[in-house]
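**Student:** In order, the protein sequence lines correspond to chains E and P.
Going letter by letter, the first sequence gives residues 14 to 126 in the numbering used here.
Going letter by letter, the second sequence gives residues 5 to 114 in the numbering used here.
It should be emphasised that the hints constitute simulated quantities derived from the structure, not laboratory data.
Model, not experiment: these values are computed from the prediction.
We put the beta carbon where it would ideally sit given N, CA and C, even for glycine.
Incorrect hints may appear among the rest.
[What the hints assert, rightly or not] Calculated from the model, a selection of chain E residues having no Cβ within reach of chain P, i.e. all distances over 10 Å: (1) 24; (2) 26; (3) 27; (4) 35; (5) 40; (6) 43; (7) 75; (8) 84; (9) 85; (10) 89; (11) 96; (12) 125.
[Claimed, not checked] Facing chain E, a subset of chain P residues (Cβ under 8 Å, in silico): (13) 44; (14) 46; (15) 47; (16) 49; (17) 52; (18) 94; (19) 101; (20) 102; (21) 103; (22) 107.
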Amino acid sequence: GDSVTQTEGQVTVSESKSLIINCTYSTTSIAYPNLFWYVRYPGEGLQLLLKVITAGQKGSSRGFEATYNKETTSFHLQKASVQESDSAVYYCALDTNAYKVIFGKGTHLHVLP
Amino acid sequence: EAAVTQSPRNKVAVTGGKVTLSCNQTNNHNNMYWYRQDTGHGLRLIHYSYGAGSTEKGDIPDGYKASRPSQENFSLILELATPSQTSVYFCASGAGQRLFFGHGTKLSVL
Chain E
14 GDSVTQTEGQ VTVSESKSLI INCTYSTTSI AYPNLFWYVR YPGEGLQLLL
64 KVITAGQKGS SRGFEATYNK ETTSFHLQKA SVQESDSAVY YCALDTNAYK
114 VIFGKGTHLH VLP
Chain P
5 EAAVTQSPRN KVAVTGGKVT LSCNQTNNHN NMYWYRQDTG HGLRLIHYSY
55 GAGSTEKGDI PDGYKASRPS QENFSLILEL ATPSQTSVYF CASGAGQRLF
105 FGHGTKLSVL
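Between the sequences and the hints, there should be enough to build the whole structure, so can you do that?
**Tutor:** Here's what the structure looks like:
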């Protein structure tokens, strides 16, 4: 079946430093999946951060970027300079048939002031 | 902004009892989903639906039933609740490539 792997359960970064949160995926579909990053800020509901539906393309939002790499089946989330307000839980996700959406385990980002 | 409302927000149930979690969306989305979230597992898909009258099994459907009587409503039913079903449950609706989530239901089965 399909799966999404986030290797880090928690990441701690100092404010203004760069960030990368790893995400790799696996799918049995012959079609390339759509890829997403969702975020849950403290006290808020889960919401879409960015999405990329075409292999090779990059998505961006709120200073975050992620590039859809079909060769390495990866969709890592990056930010050049994090802020304390970026502290949240980030989930990588995919869908292959527009109905079933699969999430990774989530990465808790802790930004130190 | 799309709205997904879950009820109740918190629920305490006894082992062997029946539990129904409700979800209502005002987005007119065809697709709806039920996930559970547990530490170390992230969000896991229980059931989903692509329209009124349809329900499909997700990755962990055992012990759960789902019902989609209308476009707006999608329920998750635990006929015989067990302590292993203690978790936070999230409902979502979706159209195209974006999901909108409710705030979650915290279920404790004692």
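**Student:** For every hint, state whether the structure bears it out.
**Tutor:** Results for each hint:
1. Once the 10 Å rule is applied to beta carbons, residue 24 of chain E is consistent with being away from chain P; the minimum gap is 15 Å.
2. The claim that residue 26 of chain E is not at the interface with chain P holds, since no C-beta of that chain comes within 10 Å of its own (minimum 20 Å).
3. No Cβ of chain P comes within 10 Å of the Cβ of residue 27 of chain E; the nearest lies about 26 Å off, and the non-interface call holds.
4. With a least CB separation of 14 Å from chain P, residue 35 of chain E remains clear of the 10 Å interface cut-off, as annotated.
5. With a least beta-carbon separation of about 14 Å from chain P, residue 40 of chain E lies farther than 10 Å from that chain, consistent with its non-interface assignment.
6. Consistency note on residue 43 of chain E: stated as away from chain P, and its beta-carbon is indeed over 10 Å from all of that chain's, at 19 Å minimum.
7. Against the 10 Å criterion, residue 75 of chain E stays outside the reach of chain P, whose nearest CB is about 16 Å from its own CB.
8. Interface exclusion of residue 84 of chain E from chain P stands, the closest Cβ pair being 22 Å apart, more than 10 Å.
9. Its beta-carbon lying about 21 Å from the closest one in chain P, residue 85 of chain E satisfies the requirement of being farther than 10 Å from that chain.
10. For residue 89 of chain E, the shortest C-beta to C-beta distance to chain P comes to about 17 Å, beyond the 10 Å cut-off, and the non-interface label holds.
11. The Cβ of residue 96 of chain E sits about 24 Å from the closest Cβ of chain P, beyond the 10 Å cut-off, so the non-interface label holds.
12. Its beta-carbon lying about 23 Å from the closest one in chain P, residue 125 of chain E satisfies the requirement of being farther than 10 Å from that chain.
13. Interface hint at residue 44 of chain P: satisfied, since its Cβ lies 7 Å from the closest Cβ of chain E, which is below the 8 Å cut-off.
14. With a least beta-carbon distance of about 4 Å to chain E, the hint placing residue 46 of chain P at the interface is held under the 8 Å criterion.
15. Contact between residue 47 of chain P and chain E, as hinted, is supported at the beta carbon level, the nearest pair being about 4 Å apart and thus within 8 Å.
16. With a cut of 8 Å, the hint placing residue 49 of chain P at the interface with chain E holds, because the nearest CB-to-CB distance is about 7 Å.
17. A distance limit of 8 Å between C-beta atoms decides the matter here; for residue 52 of chain P the minimum to chain E is near 6 Å, and the interface restraint holds.
18. Interface hint at residue 94 of chain P: satisfied, since its Cβ lies 7 Å from the closest Cβ of chain E, which is below the 8 Å cut-off.
19. The closest approach between the C-beta of residue 101 of chain P and any C-beta of chain E is roughly 5 Å, which is under the 8 Å cut-off, so the hint is satisfied.
20. For the restraint placing residue 102 of chain P at the interface with chain E, the shortest Cβ-Cβ distance is roughly 5 Å, inside the 8 Å limit, so the hint holds.
21. Because the closest C-beta pair between residue 103 of chain P and chain E is about 6 Å apart, less than 8 Å, the hint holds.
22. Because the closest C-beta pair between residue 107 of chain P and chain E is about 5 Å apart, less than 8 Å, the hint holds.
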